[in-house]
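Asker: With chain V fixed as given, assemble chain H with the ligand onto it according to the hints.
The chain contents come next:
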Amino acid sequence: MDDVIEKLIALNDIDAMLKDAESEEYRSLGFETKEECIEKLKKMREEIASSIPRQVVKRYEKLRRKYGRGIAPVVNSVCTNCFMQFPTEVASRTDKNQKVEFCPNCGIIIYWT
Amino acid sequence: MIGELLKKDRIIYNMKAKSKDEALKELIEPLNLSDERRKVVLEALRKREAIGSTGIGHGIAIPHTRSVVLDSVALVVGRSKEGVDFDALDGKPVHLFFLLVAPPNDPGTKYLITLGEVARMAKKLIEKDEYLKTADEEAFFKLLKEVAGEV
Ligand SMILES: [Zn+2]
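Sequence order for the protein chains is V and H.
Just so it is clear: in the first sequence, position 3 is 3 by the working numbering, and no numbers are missing.
Just so it is clear: in the second sequence, position 151 is 151 by the working numbering, and no numbers are missing.
No wet-lab data here; the hints were simulated from the structure.
A virtual CB, placed ideally from N, CA and C, is assigned to each residue, including glycine.
Every clue listed holds true.
Taking CB as the label site, the calculated pair distances span:
#1 H:Ser72 to V:Lys19: 16 to 24 Å
#2 V:Gly68 to H:Asp136: 43 to 51 Å
#3 H:Asp87 to V:Gly68: 25 to 33 Å
#4 V:Arg27 to H:Tyr13: 30 to 38 Å
#5 H:Ser19 to V:Glu89: 43 to 51 Å
List time: in silico SDA-like cross-link candidates among lysine to any residue, alpha-carbon distance up to 25 Å:
#6 V:Lys7 to H:Leu31
#7 V:Lys40 to H:Gly91
#8 H:Lys47 to V:Glu61
#9 H:Lys128 to V:Ser28
#10 V:Lys34 to H:Leu42
Chain V with its partners taken away, still in its complex shape (with noise of 0.2 Å):
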């Protein structure tokens, strides 16, 4: 897997779980999460968004703000955030997440799962 879709996944990961944290619904489940610990983590998330290429950066940031998340996994063949269809030619490929691609319809990062 290409380096910086690795930190992408990352990214992502960190910033559902920073989500979850902050949210009514989450919360009300009883799950300890400590302060200073999102803090911590908040901080870590920095560090490997630093570590990104700054053009790639910006546009994850820009598709989270429009999507809420800046990759989404490709499963069979689907875009799940869009739901388009990757024709099979294109599925079938076998250098996939070797570079950072993006959905034609909807524009977002993906991994191939």
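Answerer: What follows is chain H with the ligand alone, placed relative to chain V:
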């Protein structure tokens, strides 16, 4: 929902793990992920534990995370007779694990609803106080199914 997620091949009747990290590693084994994806999921679970233990007390832990590398919601149930030190809220060793993992954009808040169901199921199992006393794997699975039907 929760009943559908209970699968025999996702149950570890006798966990070998002695530590928190070993437990997380053992629990993701039945997901059959590639090395690349397993690494990402393990890292996400570790980060989640770092913001507060998911050991909710009474011998139960519910490690959970969402990750881009996952293509579906999955539940793994693990049982440890000896117990694992998991930094639980009450400091007690954990004997029963429910690992819940999901893709990031699981429609709506289905993931949180399922997580709530898992937590309720866990509490019911504590009340019943039978989960460490089952005769074999089959009886354990039956007990889980039964409790799942009640939440
Ligand atoms: Zn798309």
